[in-house]
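Q: Chain by chain, the residues:
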Amino acid sequence: MYVAVKGGEQAIDNAHALMRKQRRGDTKLAELTVAQIQAQLPLAVDRVMNEGSVYDPELAALALKQASGDAVEAIFLLRAYRTTLPRFGYSEALDTEAMQIERRISGTFKELPGGQILGATYDYTHRLLDFALLAEGEAAQAAREPASSEPLEPCPRVLELLNQEGLIERSRNEGEQDQTPRDLTREPVTYPAERTVRLQNLVRGDEGFLLALSYASMRGYGDSHPFAGELRTGRVSVALVPEELGFAVEIGDMLLTECEMVNQFHGSATEPPQFTRGYGVALGRSERKAMSVALVERALRADELGEMVAYPTQDQEFVLSHTDCVSANGFVSHLKLPHYVDFQSELEMIRRLRREQQTSTQQTDAEQNDV
Amino acid sequence: MSEVATGYNFAYLDEQSKRMIRRALLKAVAIPGFQVPFGGREMPLPHGWGTGGMQVTASVIGQQDTLKVIDQGADDTTNAVSIRRFFARTAGVATTEETAAADLIQTRHRIPETPLRNGQILIYQVPTPEPLRFIEPRDSETIKMHALREYGAMQVKLYEDVARFGHIATSYDYPVMVNRRYMMSPSPIPKFDNPKMDRMPALQLFGAGFEKRIYAVPPYTQVTSLDFDDHPFEVQSWEESCAICAAQDSFLDEVITDDAGSRMFVCSDTDYCRQRVAQQEANP
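Protein chains in written order, with our numbering: chain W, 454 to 824; chain S, 1000 to 1283.
Same shape as in the complex, but just chain W (with noise of 0.2 Å):
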């Protein structure tokens, strides 16, 4: 006699415990702990704040520690707890210019004002692994402090240089006014979207799936000639004018990276050949996000800049409705739920058409027979 497997909530319980152990691995090991993920980690970190829409790195160390290092899952469990944070309000927009840098590269001009910083960077390492590591030994410390004594230039953005001579489309209009952006998590998303919703998307957006369609974009797949025109990261100071008092009061700061990129136009019935921004910025040090965002981000405006939407890059309700991870995780990971029901269906649907279809086979070959 068949039962009905019973005993779900059992299960449950169980394969929480056992995914608990599993987490925690060898008990000879010492546990790793949340400072040291946020402090050895802080790339991984950065994506989880990135994705997650908080800015907290002990947070996003905790969820990394919590989700056994899958950045998806540490991901969620920022989001989940970010949903049931109440607004205080909204800050004053960022000043970047007025960042504290501590990298800035541009790819269109050998010399600028306030120079290249080359910073910290694994760029122009040879990709070679360092068994110092593995031995557990110190790596090779840096040769000497940099000379952060040195006060900084200032450093004007680069775009702006090319605004001055009217190359490049201005980033605002004369007398244009902030627009105070909607909050996507509150409000759910119309298209077209305004430019606003559309980078907000795409900041809290899949950083592998960004990369790939901004790939796509400059390998033909998208009308995309891009330059970098300038990358910068360092802290910026956040202010907030409260109510009560009417005035700014600065709160803290934090760490962003910024990428404004340069790219052809050629022109329509009304505007001059010039140059068009892409831009794009992201939380703590994350240059290959800020590059696609801004990648992506251009490559959206081609239906306000009547260029043709001919590729997956430029369609908004392609690239925005798709670009969560979380929602992806979740979808694609509900295959795992139950269609009993569903697959039944299809079942008895494919067993009736073949059944069908065998029997006008079977008539036709009898109809052939006694011709």
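Certain hints may be false.
Among chain S residues calculated to face chain W with C-beta under 8 Å, some are [as the list claims (entries may be wrong)]:
1. T1076
2. N1078
3. T1113
4. R1116
5. N1117
6. G1118
7. D1138
8. Y1158
9. S1267
Derived coverage of chain S by chain W (criterion: at least 3 residues anywhere in the stretch with Cβ under 8 Å from a Cβ of chain W; other residues may be distant) [stated by the list, open to error]:
10. 1045-1055
11. 1183-1195
Bear in mind the hints are in silico, worked out from the structure with no lab data behind them. Ideal Cβ positions, reconstructed from N, Cα and C, are used throughout, including at glycine.
Dock chain S against the given chain W, drawing on the hints supplied.
A: Leaving out everything else, chain S in the frame of chain W:
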């Protein structure tokens, strides 16, 4: 495991979010079958696992309500257990497996076999709220098609089935017309369940979490499955009856019982099956 979680609002969502969702629900009830966009919140469960249905349940559930949660018709499938537990923990409400005893029933992929009564609310988890999605992937287009009641494309798709196979080959998530105005996805329930939606005395609410859409069918509203005059809508039937309760009128799941491929058929609605067995034992 049923101790009530502290530190969260009743039924997890904050009251502001619930109010926003209730407003969307009221609009949805006022325009049967119309998809109302809402500010879907991120839930602590993945998208596609019932976050839309959970947000609707969280917004309409009260302390006195009794909740039933089913997945594939069964109360004991892992995701149904998980969602039922979620509300037992965050709302401290009573739960039941008995269809007739429930005030709210959250479901994935089935409508209970026991007829629902007025006053009950059936809450569907919906993955893809747009019935035209696989014909036209863009929202900006489907919105216009609904506004213009331009549903020819779906009729053509169904006609193509008839031309190829001799009958319509959609077996679940079978499109319906609500109140003769809006085309609606009934969610991936088998078409076997479609007739139960028509003039159902209970209120039917639909929540799609990551698509951020809510829609509704008020009690006693006409819901018709699309078909043609010469190819009327029909539901699945089985030659077998349930191996446990011998029901011939319920949706049957096929269960493979050994590695030689032996099969048996049992009710997908576990509560219905159990009620029938209890009845048979009481009146042998």
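Q: Work down the list of hints and note, for each, if the structure agrees.
A: Hints versus structure:
no.: 1; hint: T1076; verdict: holds (5 Å)
no.: 2; hint: N1078; verdict: holds (5 Å)
no.: 3; hint: T1113; verdict: violated (17 Å)
no.: 4; hint: R1116; verdict: violated (23 Å)
no.: 5; hint: N1117; verdict: violated (26 Å)
no.: 6; hint: G1118; verdict: violated (26 Å)
no.: 7; hint: D1138; verdict: holds (6 Å)
no.: 8; hint: Y1158; verdict: violated (17 Å)
no.: 9; hint: S1267; verdict: holds (6 Å)
no.: 10; hint: 1045-1055; verdict: holds (count 5)
no.: 11; hint: 1183-1195; verdict: holds (count 5)
Comparing the model with each numbered hint stated earlier shows that hints 3, 4, 5, 6, 8 do not hold.
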